[in-house]
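Quick note, the sequences are listed as chains A and B, same order. Mapping of the first sequence onto the numbering used here: residues 1 to 286, in sequence order. Mapping of the second sequence onto the numbering used here: residues 1001 to 1269, in sequence order.
Warning: the hint list may mix true and false statements.
Listing some non-contacts, in silico: residues in chain B with all C-beta distances to chain A over 10 Å [as the list claims (entries may be wrong)]:
hint, residue
1, 1135
2, 1146
3, 1247
Stretch by stretch, here's where chain B covers chain A in the computed footprint (C-beta under 8 Å, at least three residues) [said to hold, decoys possible]:
hint, region
4, 72–82
5, 125–134
Computed list of lysine to any residue pairs in SDA-like fashion (alpha-carbon distance at most 25 Å, straight line) [what the hints assert, rightly or not]:
hint, chain 1, residue 1, chain 2, residue 2
6, A, 138, B, 1025
7, A, 149, A, 111
8, B, 1173, A, 268
FYI, nobody ran anything at the bench for these hints, they're computed from the structure. Note that the Cβ used here is the ideal one computed from N, Cα and C, for glycine as well.
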Amino acid sequence: MTGSALVAVRGLRVVHRSAGLFARSAVTAVEDVSFEIARGETLALVGESGCGKTSAARALLRLIPCDAGSVTFDGTDVLALAPEPMRRLRKRMQVVFQDPYSSLNPRHRVGTIVAEGLVVHRLASGAAAQARVASLLKEVGLDPADTAKYPHELSGGQRQRVAIARALAVDPEFIVLDEAVSALDVTTQAQVLALLEHLRDARRLTCLFIAHNLAVVQRIATQVAVMQRGRIVEAGPIAQVFDSPRHEYTRTLLDAVPVSDPRDPRALRGQQAERAQPAVGVANRQ
Amino acid sequence: MTALLEVENLRVTYAGAQRDVAAVAGVSFAVAPGEVVALVGESGSGKTATALAIIGLLGESARIEPGSAIRFEGRDLLRLGEPEFRDLRGRRIAMVFQDAGAALNPVMRVGEQVAEAALVHGERDKARARAMAVAMLDRVGLPDAARQARAYPHELSGGMKQRVMLAIALLLKPSLVIADEPTSALDVTVQRQVLSLLLELQRESGTAVLMITHDLGVVAETCSRALVMRRGELVESATVDDLFHAPRHAYTRELLAAMPRLARPVPPG
Ligand SMILES: Nc1ncnc2c1ncn2[C@@H]1O[C@H](COP(=O)(O)OP(=O)(O)OP(=O)(O)O)[C@@H](O)[C@H]1O
Ligand SMILES: Nc1ncnc2c1ncn2[C@@H]1O[C@H](COP(=O)(O)OP(=O)(O)OP(=O)(O)O)[C@@H](O)[C@H]1O
Ligand SMILES: [Mg+2]
Ligand SMILES: [Mg+2]
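Can you make the complete structure from the sequences, with help from the hints?
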């Protein structure tokens, strides 16, 4: 597998240091994380909120420094790359951030934002770029007329789709999607997932898919890594991990997935009502 | 029972750069005290605009069209002055915003922001308010809450910021919580924990919840009634049981068909 991996992360360690007024604090967000993603595969990274998924992804893309470990992309040592080759590599690796609003320039219109990569990497300009932008917006379920809007004029899910369109515009080989479909209604979400699957089949697009919705992960991912407190506790093919989880935390996660039917006795609503009633129940029995 | 919140023929228009957008096009519904109601629907259908209209936080580019009415606890919210509205917002209606990162004050420690909620709710003693804040952050599952309370929003992960917003809403103990995608960045175990806290508050304090979410599992877990929006209109209003088992509108059926469901192996035996 090592030979064919497009992305390989080894022993990654990320420490966030904040210099406070009186004290310096350091949080080790990622500790000894290793994984590989073969071309055309989708690796889902799931786990506790705050366990280091975003930190690991940002470090892998060299958006934040890491304290230990190595990252290779298509055989290239990413962390050692000089600025110019790194700039060229950025075209091949794209990212959709968890927080779509702060990642979109508020002073630019949607059309400019989505075309940004095309212009920066000199892939298209003028009418060709506009046509590409319009077709991408359509593919993510947005109105091509939205190109004239500013980010603040969009709903949460519309912003998220602008960020997805921007990332796909440059036809990347690898894309990091950090909670990138969580603000979409399920029909739009299905449309975006189908688009990703199509790109995976047609262009062997490789994905690192960070998400909390395990049903979505089950649909889109081929591999999964489960993280807890900065470390990967279990990893493997999606069917294997989800059907026969070995780690306690993976089982806890799978058991906590929301019910898909309100009549399910495990629904919180029913349990709450039950817990509220015992006094009456006990009195009746006596 | 008289309604806590009544929205009647609500129409919200945004003045766009090119043309006006009718974000909400005549929506009517009511929420009873203590009721947990889901607001679901297409991305861009006007859910957040409806919520912002209720709490009076639509921006300057939006206008509420004549003929719209919003009544809350018997008061006509569209005729309320800003000082009265500000008072209502903290004490009677709390909102958990869709974009927690943008809603929190970036230059204030999160613990202080939660403590402010305790102060708004009537606590006089600052140290006690801070202690209440840490206790609530702990209850919403923030690990090492005493230390994290000293963090600034940018030092927290997406789901941690969401929990700070929830802690604020829970401490206010209002009669209505409007929660816009409150758990979209939480892992399922923490999600379960905060949803159950929200239901606890609903039972103990009689708080009603308007839950805006794309996660139909969250709806099935927590809500008793659901409103479905599409293109600014309300296309269906039903009990959650009917929504899942006897959906009337084609769009609702489409949503249910597209709902991602986790397939688990059938246990042996
Ligand atoms: N800029 C920062 N400064 C200090 N600490 C940080 C910073 N960014 C993240 N952290 C801390 O690092 C840890 C991991 O955060 P990260 O954002 O990677 O989590 P995550 O797995 O993406 O969580 P979520 O699912 O909630 O988005 C958390 O404890 C967080 O508080
Ligand atoms: N400030 C604004 N200026 C102009 N148009 C806006 C503004 N805010 C929202 N809109 C438009 O109003 C419509 C409704 O937006 P709203 O944010 O209410 O949608 P939503 O149902 O909350 O969607 P999502 O599920 O994606 O968050 C959308 O078409 C959006 O583009
Ligand atoms: Mg994250
Ligand atoms: Mg919204």
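Each hint, compared with the structure:
no., hint, in the structure
1, 1135, "19 Å, holds"
2, 1146, "13 Å, holds"
3, 1247, "12 Å, holds"
4, 72–82, "violated (count 0)"
5, 125–134, "violated (count 0)"
6, A/138 x B/1025, "24 Å, holds"
7, A/149 x A/111, "8 Å, holds"
8, B/1173 x A/268, "20 Å, holds"
Consistency note: the structure conflicts with the earlier hints numbered 4 and 5.
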